[in-house]
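J.: Below, each chain spelled out in residue letters.
There are 2 protein chains.
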Amino acid sequence: MRVVIVLAIDWYYNRPMFTLEPASVALIGASDEEKKLGHSILKNLKDSGYKSKIYPINPKHTELLGIPCFASIGAISEPIDLAVIVTPAATVCDLAQECGKKKVKTLVIISAGFSELATDEGKKRERELLSIAQHYSMSIVGPNCLGILRPSIGLNASFAATPSRFGNVALISQSGAMAVALLDTCEETGLGFSLVASIGNKADLDESDFLEICESDERTQAIGLYLESIKDGRRFVETAKRVSRKKPIVLIKSGNSLRGSMAVSSHTGALAGSTAALIAACRSAGIHRASTTEEFLDLLSVLSTQPPLLSRNIAVITNAGGPGVLATDRAESAGLTLVDLTEGTKSALRHVLPEAASVRNPVDVLGDARADRYGAALHACAEDPAIDGIVLVLTPQVMTPCEDIAKVIVESAWGHPLIPIVTCFMGGPHVQKARKILSEAGIPCLTTPEAAVQAMSALFKKETQVNPLEEKDAEDDRSSAASALLKNQTGLLSEELVDDLFALYGLPTPKGAVATHAKEALEIAQSIGYPVIAKISSPDILHKTDIGGIAVNLKNKKEVEQAYRDILASCVEHAPNAALRGILIQQFLPIGNEFIIGAIRDPNFGPLVMVGLGGIYTELFRDTCFALAPVTENQAYDMLSSLKSWKLLTGMRGKGALDIDALAKTICKISTLMTDCPTLCEIDLNPVLVAQDKIVIADAKVVVADRA
Amino acid sequence: MRVVIVLAIDWYYNRPMFTLEPASVALIGASDEEKKLGHSILKNLKDSGYKSKIYPINPKHTELLGIPCFASIGAISEPIDLAVIVTPAATVCDLAQECGKKKVKTLVIISAGFSELATDEGKKRERELLSIAQHYSMSIVGPNCLGILRPSIGLNASFAATPSRFGNVALISQSGAMAVALLDTCEETGLGFSLVASIGNKADLDESDFLEICESDERTQAIGLYLESIKDGRRFVETAKRVSRKKPIVLIKSGNSLRGSMAVSSHTGALAGSTAALIAACRSAGIHRASTTEEFLDLLSVLSTQPPLLSRNIAVITNAGGPGVLATDRAESAGLTLVDLTEGTKSALRHVLPEAASVRNPVDVLGDARADRYGAALHACAEDPAIDGIVLVLTPQVMTPCEDIAKVIVESAWGHPLIPIVTCFMGGPHVQKARKILSEAGIPCLTTPEAAVQAMSALFKKETQVNPLEEKDAEDDRSSAASALLKNQTGLLSEELVDDLFALYGLPTPKGAVATHAKEALEIAQSIGYPVIAKISSPDILHKTDIGGIAVNLKNKKEVEQAYRDILASCVEHAPNAALRGILIQQFLPIGNEFIIGAIRDPNFGPLVMVGLGGIYTELFRDTCFALAPVTENQAYDMLSSLKSWKLLTGMRGKGALDIDALAKTICKISTLMTDCPTLCEIDLNPVLVAQDKIVIADAKVVVADRA
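Sequence lines, in order, name chains A and B.
The working numbering applies: residue 30 is where the first sequence begins, and numbers increase by one.
The working numbering applies: residue 30 is where the second sequence begins, and numbers increase by one.
One chain only, chain A, in its complex shape (with noise of 0.2 Å):
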C-alpha cells in the first residue's frame, strides 16, 4: 500500500523534462586557462559540430575560443534551451537562479562540492540546487559529473577528451571517469553513440528519467547503464520493464552493497546476500547484467545492431579448428546449440568448399579461405531452415584478405536482415582494418570466439514475463485482519500470532499448542496424536536446533516428558537470558523432502520473495531463486524450476513428483502475506516439508520492524 502512493506520487508530480536536443548552449564559467575544465567543455562544444549557439559565459572575458563571452547569462538576449555550470559550488546556486530567471530548461552542473562530500554543507547546498530549480521547473543532470553528449546534433557539453561516434546506443554513467573510459575504448570498437550522459549526484535526473529519455528517444536503440547506486528500485523496476520491451538494456552495476546495513535476523536475509535484490530486479526488468566492462560493451554492440536470435540454433564458421572448437565448448555453456546443417545446406557446402574442408557445424572453410568461401558458407547458413543465427570466426592467417572477407560479411548480411550474425576477427593490427569495416556497417565484432557466442546468446530472449509489479487488489478484510493482528508488534512474533496470521492467508501449519509445564505437554500431544515434535517457544531463540531446542519423532508419553526436560536445561544453559513462552508441542509429519520458502524488505526494491532446497542443505548449496513481490502462481513455478532441486521435485530416482502446485501457492501466498503487511520484514518458513500430495510448513519465523 506504501509503495503505491508513493509512485502515485512521483506520477501526479509533473517533472520538468530534459531537453535532448538544446537550440542554444550557455557554460557559466567559460575559462581560457587550458588547465580548467571550462576551457575544455568549450572547446568542446566549439569543435564537435554542435550548429547551434554556443554562450561562453565568464565576466572577465568578452571573447573566448573567437566566440562572443557574456558576463551573465541575464545578458544574453536570446533564449537558452541549456546551461552548463563549471564554477566553484559555493557560486552554483546563485547561477541556478539566474538560469531559472531566464527560463533556462535544463542545467548540466559539472561542479563538484555537493552531496558526494557527505558534509552537512554539501548535502544542504544540493538540496538548496534542487528546490531551485523545482521553482524554475528546470531539470537538473548532475552536480558532480562529466557532462553530456548528442553526437547526432554535434553536442558536446562535457569534458570527455574523446569524441564520441554517432550511433543508436545511449550510456548513461553515474561515473564519468567510466563515461571516458569506454568512450575512448570504443574508439577502437566501433560502438557509435545516441546520447552519452554522466548523470553524478542524480540530485534531480536519476537513471529511471533517463531511460523514460531513451524510450522516446528515436535515435536511441540500445541503453547501456553503469550505475554504482539505484536510487528508487521500485521504480527503476517498473521504467525498466517497460522500456526494454522495445529497447534492450544493459546494466553494469558496481559496488555490492545495495541492502547497505539493514540488519538480517532470518535465513532467507543471509542467503539473500547483497546482490539477490539486484538479480531479481534485472530479471524482473528483462535486464541484461553484464558483469564485466568488456561483456557491457559486447553486449551493448550486438543488441543494438542484430535483430532477435529466435530460437538456440546457431551455426558457426571459422577458417580454422581451434578457434571453432572454443566457440562450440561456449555455445555449450551459454545455452545454445550447433544443431546438424540440414542435408541441403552441406550438399550446397560441399559445392563451394574444398574436399578437406568440413560441412559440418562448426563449418570449417580451413586456413587458405578467401572471401567467396566465407560468403558462400555464410549465405549457406543464414538460408537453412534449421539455423537462427550465425557466429562468424576468423583467424589472420598469411594468405587471409581480411579486409575482402569483411566486405563479404557486410554484403551478405544485407541479404539477410533477419538473421542475427556476431563476427570474431582474432588478432591485432592484421585484422584492424576489418573490424572496423564490419562495425561501421554495424555487424558486431568481437576479439574471442568465446565473446562472440556469449553475446550471440543475449540475442536469444525467453518468453518475457509480462506480469505487471503493480500490486494487486489487497483482500481488505484479510489485510485489515492481519493489521489488526501486528499492530503494536515488534520483533519476532510467537507461535500463536504467526499461526493467526497465516490462517488467515491459509498457509498449511501443523497442529500444535505451547505448553508451560510437563503435563500440560502431555495432554497436547494426546489430543494431536502420537508421533509429536517439540519445540522451544521463544521470542529470543532464532535458530532453534543449533542450542538443541527442538526434538522430533517422540512416540510416547515418556520420550515427551524427556524432551521436555532435556529442551528446557539445554536452551537454560545456552541462552540463559531468553524469555521462554514455553514448549510448543506439534504434529510431526515425518513426510516429504524439506525446502525453505521466505521472504525480506529490501529498502530500495521492496518486498522479495525466496524459496529453495531446506534443511542443511540451504546453508551449504544456497539453492535458491528470489523474486520481486508480487510473485505470481507463474512466476513461483518458474521460480522453482530454476532450482538445482527441480529434480525432485518432478520426481527422481524412482519416486514421484512432489507436490509442486501446493508449494508454488505457499510461494504466492508469502508474496501476499508481505506486500499486505508492511511492517513485516522478514519471513522464514523452514523447513517447508513437501510430500506428493501435500506439503506443511514445519517452522516458521517472523519477524516484524521496529519502527512499525
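Take every hint as true, because none was put in to throw you off.
Chain copies aren't distinguished; within one or between two, either way the pair holds.
Derived PhoX-like pairs (lysine-lysine); straight-line CA-CA distance at most 25 Å: (1) K462 / K72; (2) K64 / K436; (3) K462 / K64.
Hints in this document: simulated from the structure, not taken from any laboratory.
Only a predicted model underlies this, so the values are computations on that prediction, with no experimental measurement involved.
Assemble the complex: chain A is given as a structure, and chain B must be docked to it using the hints.
T.: Structure of chain B alone, referenced to chain A:
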C-alpha cells in the same frame, strides 16, 4: 605398476632433442610464387634477422629472393641443423630420408596430408615418417603445422605473417591458426616470446617434450600451451609438475571430450563429466588453466613478468571511483583482500594527496591526478608492510598525462622488485602509448580492472602439493591377493567378491549375506541383529533404488518377510531380464551423513579418485572433487576441504564434527586399490555413511573392465 613400466621405457629411450638455436636452416619446397607457403616461409626466414645460413631447396631454381638455391639437401656441402619441409605430403618421406642421410638434427614439417586426414593412407604416411626420423635420430615438429619461431636469434621458420616480439614467453600451440591469431593480438598487448612452436599432429615431439625443452631453455620464463588433445596424460602431468615449480605454465584446452567414448556405468563416471580428469591433472601439476583466450594472454603477461604475490593482501590505486569499485568487487571473488593500509601509509598518503582523495584502500588519487600523485601512492603502498601486491587503475581524464604516469610507474616498479604490480589503463587511443611504455618495461597492462585483479590472483600460490605421482611400492601380498580375486572377472562384481576385496584393504563394510529364499533372509537378519536392510543382488542392476530394489530399517521378522517379497516382485517387474542372485540382508546403520567415494580409470590420465556429498544430493549439486591417484592422506583432506559439504564434516548447526579421518583414509584406500588392480575400471561407494566416530560403506559397486 603398468604405468611405471611405460614411463621407464620412455626414459630409457634416448630421444633426439630439438635444436633450439640452429646454426643453419634448409627450406625444402622454397618457392618464388607469392601464393605458396614455400615463398612466405622463405621471406620470413630472410627478413626476420636470422644471422646464420639459409639454404632454399628447389630443383627448378638456382636462386630465390637473392639467396642461392639448391636442387636437393644432399647438394649442400655444409652441415644442416634444421630442415623445414613444405612440399606435398606424398614427397615428404623421401625428403625426410634425404635429410636423415645429411644428418639433419630437426625436421619441421609444415606439409599437411598425414594422420589429421583420418585415412589409412595418412596415418601410414605419418608412421613411416616417424620411423625414418627415429632411424636417423632426427626429431620432428609437426607434420601439419605452422612452423617455429625463435625471436632471440631472429629465426622465423614459419608462415606466420606477424613478426613475433622477443620476450620470455614460450608459446606452444597445437593449432597454427591459434598461434597466428595470438601473435597478432600480442602485437598490441606487447607480450614477447622466447619460442613459438606449432606442434601440429605431434607425430614425434609433443606438449610434454616441449615442456622439457622450455624447462632447460634459459630464455623462457613462462610457458603458454594451447592444446586440443594431450598425448600421454601421465607423462604430461609428471613433466608439468616438475617444470611448473620453476616456470609458470598456462593452459588453454579446447574440446570438451577428453574421455572420448568410454562407457560410463557409475555415478562417479557420470559426475566426472568431460573435464574432471583435466581439472585434476592441472591442479596436480600446478598448471594455471585459462578459460578464455583473453585470460590466457593476461595470465601469461602477468606470470612472465611479476614476482609471486606472497599473501592475499593487495592495494588498489585508482583515479576514479567506479573502476576502483569494480576492482574491489572482483578481488572478493578472486580470493584477494583489500586490507586496511597501515596508519603510517595513510598519513604518508595524506601528505601527498589532496584532501578530497581517499587514503583508504582502494586509494583514490582523484580524476585530476598527474604522475606525481600516482608515483607517491605507488611508493607508499609498496612500502606498506601489510601490502603484498598492487593493482593500479587509470581512466584517461582530460587532464591525465597517461604516458608520464606510465613512466613514473616503471621507475617506481624498479624500486620495488619484490612487489607484483599489475596495471589497467582503461580506454583506447588515449592510453595506447602509455600501455606500450608499460609493457615494454615488463609491467603488465590489462584492459579492465576486473581482468587485472583476476590475473593478480594467479600470482598468489597456495602451498604447492609436492607429493609425487609415482606409485607407492605396492604391498605385494595384498596386491597379488586382489589380482587373484579379480582373475577372470568382468563387469559388475558380486557382493561377495566386493566384500572379499574390501576386506583385503580394510575398507569398512557392513555385516551381511545374500539370501536366496525368505527363510534364509530371516536367519541372516537374526544373526546380524535388527534393524536390517534388504537389497537386491544382481550383476545387471546398478541403480537399485530406482526400481524398488532396496528396503531399509527393517525392524522385525514380519518386515523382513514383506521386504523380501516386495523387492523380488518389483525387480521382476522393472528388470525382467536381470539375473538375480538373491537378496542381500545387511546390518542397517541409521547414522551419519551420506557421502560418495568413487573412482574411474581415465584412458589418458589413469585412475581418478572422487569424493562428494552422497545420496540424492550427489546428482542435484555435483559437490564433488576429483584427484589423480595415488592420493595421499593430506591430499584426501585437501579434497574434502574443497567441498561445499566440508562444513557438514567439520560440524554445523550444533552438531559435532564427523569422522573426517576415517573418510580421508577410505579415499586413500580406494586410490591404492585402483593403482593395485589395473583391470578395475569403476568404483562407486554410495552412500558412505559418515558419523562422528565411524564410517561405513552402505553400498558399493565395483566394475572390472571387459578387456581384463
